[in-house]
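Asker: Sequences are here, hints too, so could you generate the full structure?
Residue numbers (our numbering), protein chains in the order written: chain C, 1 to 302; chain L, 1 to 986.
You may find that some hints are simply not true.
[What the hints assert, rightly or not] Under the rule of at most 27 angstroms between Cα atoms (straight-line distance), these lysine-lysine pairs were calculated in the DSSO-like manner:
1) 791/L to 232/C
2) 126/C to 96/C
3) 641/L to 753/L
4) 232/C to 753/L
5) 232/C to 751/L
6) 641/L to 232/C
[Claimed, not checked] Stretches of chain C that chain L covers, calculated by requiring three or more beta carbons in the stretch to come under 8 angstroms of a beta carbon on chain L:
7) 122-136
8) 213-220
[Stated by the list, open to error] To list a few chain L residues with every Cβ distance to chain C over 12 angstroms, as calculated:
9) 6
10) 17
11) 80
12) 87
13) 102
14) 246
15) 734
Hint data in this document are derived by calculation from the structure and do not stem from the laboratory.
Quantities reported herein were computed from a predicted structural model and do not represent experimental measurements.
Beta carbons: idealized from backbone N, C-alpha and C, even for Gly.
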Amino acid sequence: VKGTLSGPTPWHLHATASIDLFFFSVSASLDLKWGSSTQATIPQRAVLPDLFSALTNPASWNAALPADTGPAVTLTTPAAGNPILLVHPMGTLTVKENVVPLDLPIVSYANAAPADGTEFAIVSVKINSNPETAQSVQDYFAPGQFLNLSDADKLASPSFERFDAGVQIGSNAVLAGFDSARVVTYDEIYIDDPANNSRFSRIYTMQAGIHLALSRQGAGFASAAKNTGLPKYRSNPYQSPIAVRSTNYVVAGVDDLSLRSDIVSAGGVTFHQAQAALRAHLAAHPEEFGNLQVLPTHEVAQ
Amino acid sequence: MSDQLGRYHFLAWARRGIGGSVANPDQGSLPARANLGIQLFVQVQGGSSANPVPSPLVNVNLFGPGDVVGIDPRYVIRTDPRPFTVNYEPNYLCGIEFDTPNFPWLFTPAAADGDRLRPWVALIALKDTEFSKVSIAPNPLPAIDVNDLAGLHDLSLSWNWAHVQVTGDATLADTLASDPGHVISRLLSPRRLEPDTSYTASLVPAFHIGVVAGLNAGDVSGISASDPAWTSATHAPLRLPYYYSFEFSTSDEGDFESLVRALKPTVLPATVGAESMDVDHAAAGIPAAGGPLALEGALESISTKPTNWTGAAKVAFQTAVQTLINQSGPTTDDPAHPNPKDPVIVPPIYGRWQAGAPTVNRNAAGWLNELNLDPRNRSNAGMGTQVVQEERTQLMASAWQQVSGVLEANQMLRQAQLARAAMQQVYRQHLQPAQPEKVLNLTTPLHARILASPTTVKAALRSSRVPERMLSGTFRRVARLPVRRAVKTGPPSLLSNVSSGAIAIVPPPKAPGGMVAIDQIAKTTSPSPTAPPPPAAPTEILFKNFTAKTVTDIPSQPAFQITNRGDPFGGGPSAGPDSAPAAAFRAATGRLFTEFERLPADAQPAAELDIAALSSAVLARTNPVDTIPRRVRSLIFIPDKLPWQPVDPLETIMAAPEFPQPMYAPLRDLSPAYLLPGVDRVPVNSVGLLQTNQRFIESYMAGLNHELSRQLLCNSYPTDQRGSYFRQFWDVSAYIPQPADPPDPAQLAEKLKDIQPMHTWKLPSALGTHPGRTDVVPNNVVLLVRGELFKRYPNAIVYAGKATRDAQGRRVLDESDERYPLFRGTIPPDMTFLGFNLAAADARGGTAASPDGFFFVFQEQPSEPRFGLEPTAAHDPVSRWSDLAWTNFKSGTGSPAVPLPVGNRTQADVLAQNPWRLASQVFGLVQDNAPLPGFLSPNSFPAGVKIPLAVPDANNTWGQNSAETAYILLRLPFRVLIHADLMLPK
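Answerer: What follows is the structure, given as structure tokens:
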């Protein structure tokens with residue numbers, strides 16, 4: 001008995017059976033088809049509902065205080081079960097999702113094809129209907145989940161890369177009201193003789209450089225908030241000196257390794273972003289096929 | 001820029017962070033918490049919905065005034081007056097300053113209405129009769145019951161009493177990023193203070209919801225709005241929690257000048273600067289060191305002298321100590337020199353790592369021996385050890401922060417070292433000895449990434465006659481190239497055969513069966529000895545000679561005939577032109593050959609592949625010794641300030657932290673008597689002369705550096721232990737660069753260090769001979785000032801300025817020579833010491849270099865202005881805001897200038913000439929003669945003011961916003977000049 005069954009829909013069964021008796025053989029074949037005759041397609045799944053539910057989930061939001069300051073006050077513990085997110089007014093608001101990488105064309109989403117779009121980007125933020133500036137923030141995603149990669153690509157390309165995952169709001173906002181400038185002036189008096197009255201000499205003004213230097217002895221610099229606890233010996237507070245960066249990639253020519261900054265900027269992007277940019281470029285310029293490649297930045301001819 | 005005048009900027013309000021996005025203006029009733037409705041807009045490519053797609057609204061609430069149940073007192077950086085001041089000038093307002101610029105408006109659940117934003121806290125000053133303390137403290141804040149609400153100002157106008165102060169002309173955001181200490185916020189109380197009265201100032205919630213939260217453990221249920229904590233309709237008693245509170249009284253002689261006048265020159269005794277130390281029982285087994293030794297401090301009176309320590313007791317003591325501490329000399333875990341004895345724990349040899357010397361020797365000179373064998377110096381170093389141990393958490397936090405990322409980087413470097421070693425094995429064993437063809441075969445995927453100058457290997461391959469695919473894996477499989485360990489020698493490979501042309505990829509086409517090609521004929525018609533010579537040389541019938549020229553070159557053939565096959569040749573003339581058939585044949589052949597010539601010639605075969613050159617390029621460029629460091633160093637960023645240039649680029653990074661902070665401060669905090677022994681023998685309100693003790697400073701700094709080396713080792717910090725982490729003893733943060741100083745801040749900081757790096761101290765050099773500064777005059781003036789002045793004005797400036805004579809012969813300041821302190825330090829609560837680059841004799845005057853001597857200039861701290869009004873107007877009308885007086889706000893008409901009595905009392909003279917010195921009396925007299933308001937209010941305008949146009953004062957108007965109010969209310973600070981001969985003890 002031999003048979004093949006193919007599917008899914010339509011299912012197709014082809015089978016033959018034969019029996020050898022002494023002098024002759026009897027054979028029969030079977031050919032059956034059933035099920036819908038339309039071709040099965042890859043299941044589809046909408047991304048936006050998941051994306052929005054992730055973006056509106058309070059757990060995706062946080063408000064960190066600026067690095068150079070502390071909370072300054074004791075706050076009450078908010079009542080449990082309050083569904084509304086409560087943040088410190090000095091904080092920087094960040095929202096980050098891990099559903100889908102932003103600013104990256106995707107072809108696969110949760111083992112299905114994305115139904116409602118292939119590339120998503122947060123382009124603007126409004127607070128109380130007023131436009132607000134926002135910076136994108138990155139997080140790690142596994143590109144293999146969102147792109148069609150060959151086995152070789154999966155092995156060769158980085159498994160996790162940083163892609164845009166959300167935005168940061170209000171990180172650089174320092175607002176102030178009316179500004180009234182005043183020249184620093186002193187009443188200058190001489191004590192010529194401790195037994196007698198002093199004499200007023202003039203209104204004294206000081207140079208800006210001296211003013212700034214002398215003010216370093218003032219209460220603002222002596223502030224306990226800056227000089228107690230762990231920051232006590234902090235030298236250059238907001239700079240992280242030694243940094244380990246992730247590899248960035250650029251597009252370069254195959255023949256001479258010349259940098260193609262018209263496709264990917266010289267600073268480089270993630271591997272898969274560079275690849276996506278290269279694909280888009282080749283679609284528009286098929287004549288360059290085979291002449292361009294994605295390389296880590298340090299391999300490109302300088 | 002240099003002649004630009006110093007300025008401060010007052011800002012009406014400031015917001016930072018997400019609170020700046022609050023939209024509802026500060027009008028009417030405010031919500032309990034500010035709400036932000038946040039919407040994100042998502043741009044979708046390849047979708048069907050209209051772009052951008054808005055997300056659902058996310059509601060975010062900001063903590064409001066009802067959520068605050070306390071403030072961190074560290075954020076209160078100054079109060080005016082200081083707590084427990086007994087003689088505050090009543091014509092000033094009391095105020096409180098905060099570290100962060102946005103603090104007063106942080107929790108106000110509204111945006112500014114124009115330039116007006118009410119703070120969420122208020123400063124109230126109450127007389128003792130107007131309130132009572134709540135005996136049972138509510139939870140969580142302490143509270144007061146206000147019995148008389150007349151002492152509370154109108155909260156609807158509280159926007160006028162809080163402002164930001166920025167020192168310098170940079171913007172708020174820039175200053176905050178570069179020098180946050182230049183930005184503070186301030187809250188004033190608008191209440192007029194009365195003379196000779198005690199007050200308690202309290203920082204209280206300005207919103208009712210904050211009051212409830214402060215009294216009820218943060219429970220504000222049922223309150224959904226932020227209303228003022230009190231209004232005109234509120235009834236007494238009003239219970240108010242307070243976040244911060246301080247007490248003071250108003251009286252006379254609390255002004256800057258009176259406090260300077262109180263200072264008296266004093267000769268400090270020799271006991272200021274040294275305490276006797278008994279060294280009889282240093283440790284078990286250590287004999288007594290003899291008589292008591294004077295343990296000196298970093299500062300000492302100019303008459304303090306070190307004890308002369310000699311004699312047999314010294315020898316015995318030092319010998320015993322040396323024997324004890326040298327036991328740690330040999331490295332006990334060094335397998336090459338095993339220590340026969342058990343390891344022992346003994347007192348340290350301070351500085352041994354920095355010095356690079358494992359032991360001390362009492363018979364040799366040098367700082368290491370002096371430091372470790374003299375109990376006085378050992379004590380000083382021990383103080384450093386104690387400081388580091390006390391502060392090790394903070395120090396290590398900073399040390400790690402200075403090299404943050406180093407662990408990750410070093411991990412990567414170590415992994416890279418492993419990768420390099422492993423890959424070098426592969427490279428040496430498999431790639432290097434391989435035949436060039438093999439190298440090219442093995443490295444095919446890299447060809448596009450390897451530059452064989454000026455093009456890549458792949459480009460070279462493409463332009464050669466070798467097809468690209470010959471190096472593909474598929475070809476290798478099909479061609480069954482042997483996959484075995486490559487050997488150097490062997491028959492030429494397929495690749496080199498193709499490259500050299502020995503094997504053609506496309507062989508010449510074979511002729512169809514039976515066809516005879518022209519060239520074959522040429523070969524077969526070789527000359528034969530029997531046959532007559534052919535009419536043309538065989539080469540001429542090669543295909544390449546089929547040209548029109550060949551035809552024309554053939555001599556004319558007059559006898560040419562065309563006959564049938566077998567017919568005999570008829571013969572003909574032997575000379576003459578072509579016969580007719582010949583001409584026809586020649587023409588036809590000529591045309592045919594012309595056509596042949598038009599046929600395209602075969603292209604030249606492409607160039608040979610220079611396999612050896614390419615292979616060596618590949619080998620050179622795939623050497624792991626280069627490739628791995630190249631990749632790793634491209635991923636690790638090391639700042640320029642870390643001078644890390646190791647021979648091996650994969651060496652793990654080593655660094656030494658640096659602490660520019662003045663290290664006298666933690667020593668003083670440990671005990672002021674360590675810094676200045678006998679500190680309690682300094683009289684109050686005195687000015688004395690001190691000298692610095694470089695031996696102490698070096699011993700102490702050696703102790704600090706030695707102990708931190710140990711701590712770093714203990715914490716696996718990536719460092720050798722030889723760094724001089726601490727080199728700054730005195731506080732030079734307010735140093736004013738002199739013309740001769742280097743302009744680069746890093747070089748200047750280096751110049752101001754108090755000790756040279758310890759590893760540069762020469763071993764034979766004596767302790768105390770390694771000062772960082774070399775340009776200080778000998779016997780320079782170090783002033784110790786103890787007085788109420790520095791209690792009231794702890795940050796007041798003192799400097800020396802050269803005196804000269806004016807036309808009337810009076811001594812006046814010559815601004816061309818001003819000597820700002822080299823260093824300054826404080827010993828709270830009331831002592832400040834200042835080091836000048838000035839000899840005492842020059843300060844007093846009468847020397848050739850300085851005939852008129854120097855003034856000491858005492859001036860109020862420029863970043864700490866004070867606010868208020870003059871007691872009485874000196875002029876009518878007032879033409880400068882700095883002359884504005886309380887009497888300009890009096891009710892009724894009449895001149896704002898209240899005449900002060902001039903009598904024969906001694907004080908009356910002062911009253912007339914220096915009224916600020918008797919502020920309380922003056923203000924009492926003014927009050928008696930003019931009905932003054934109880935509060936300043938933006939709604940009641942001053943009378944009798946005429947500010948001329950086109951002066952900066954004219955840009956500021958009363959009652960507009962808090963920035964302009966601050967400008968108007970700022971009282972001119974004082975600077976008092978007093979000659980050194982009146983200040984320095986004889």
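Asker: Could you run down the list of hints and mark each one as holding or not?
Answerer: Hints, verified against the model:
The suggested pairing of residue 791/L with residue 232/C holds, with an alpha-carbon distance near 24 angstroms, which does not exceed 27 angstroms. Proposed proximity of residue 126/C and residue 96/C is supported: the alpha carbons are some 16 angstroms apart, at most 27 angstroms. For a cut-off of 27 angstroms, the pair hint linking residue 641/L to residue 753/L stands: about 18 angstroms separates their Cα positions. The hinted pair formed by residue 232/C and residue 753/L meets the criterion: a straight-line CA distance of about 19 angstroms does not exceed 27 angstroms.
The hinted pair formed by residue 232/C and residue 751/L meets the criterion: a straight-line CA distance of about 23 angstroms does not exceed 27 angstroms. Annotation: proposed proximity of residue 641/L to residue 232/C holds, straight-line Cα distance about 22 angstroms (limit 27 angstroms). Note: the region 122-136 of chain C has 10 residues with beta-carbon separation from chain L under 8 angstroms; the three-residue rule is met and the coverage holds. As drawn, the region 213-220 of chain C meets chain L at 8 residues by the rule of a beta-carbon pair under 8 angstroms; at three or more, the given contact holds.
With 12 angstroms as the threshold on Cβ separation, the claim that residue 6/L sits away from chain C is violated: the shortest Cβ distance comes to roughly 2 angstroms. Residue 17/L, annotated as away from the interface, has a beta carbon of chain C within 12 angstroms; the closest lies near 4 angstroms. Under the 12 angstroms C-beta cut-off, the non-interface status given to residue 80/L relative to chain C is violated; the minimum distance is some 10 angstroms. For residue 87/L, the condition that its CB be more than 12 angstroms from all CB atoms of chain C holds, with the nearest at approximately 18 angstroms.
Not every beta carbon of chain C lies more than 12 angstroms from that of residue 102/L, the smallest distance being close to 7 angstroms; the non-interface claim is violated. Taking the minimum C-beta to C-beta distance to chain C, about 14 angstroms, the non-interface status of residue 246/L holds against the 12 angstroms cut. The claim that residue 734/L is not at the interface with chain C is violated, since a C-beta of that chain comes within 12 angstroms of its own (minimum 4 angstroms).
In terms of the numbered hints stated before, the structure departs from hints 9, 10, 11, 13 and 15, listed from lowest to highest.
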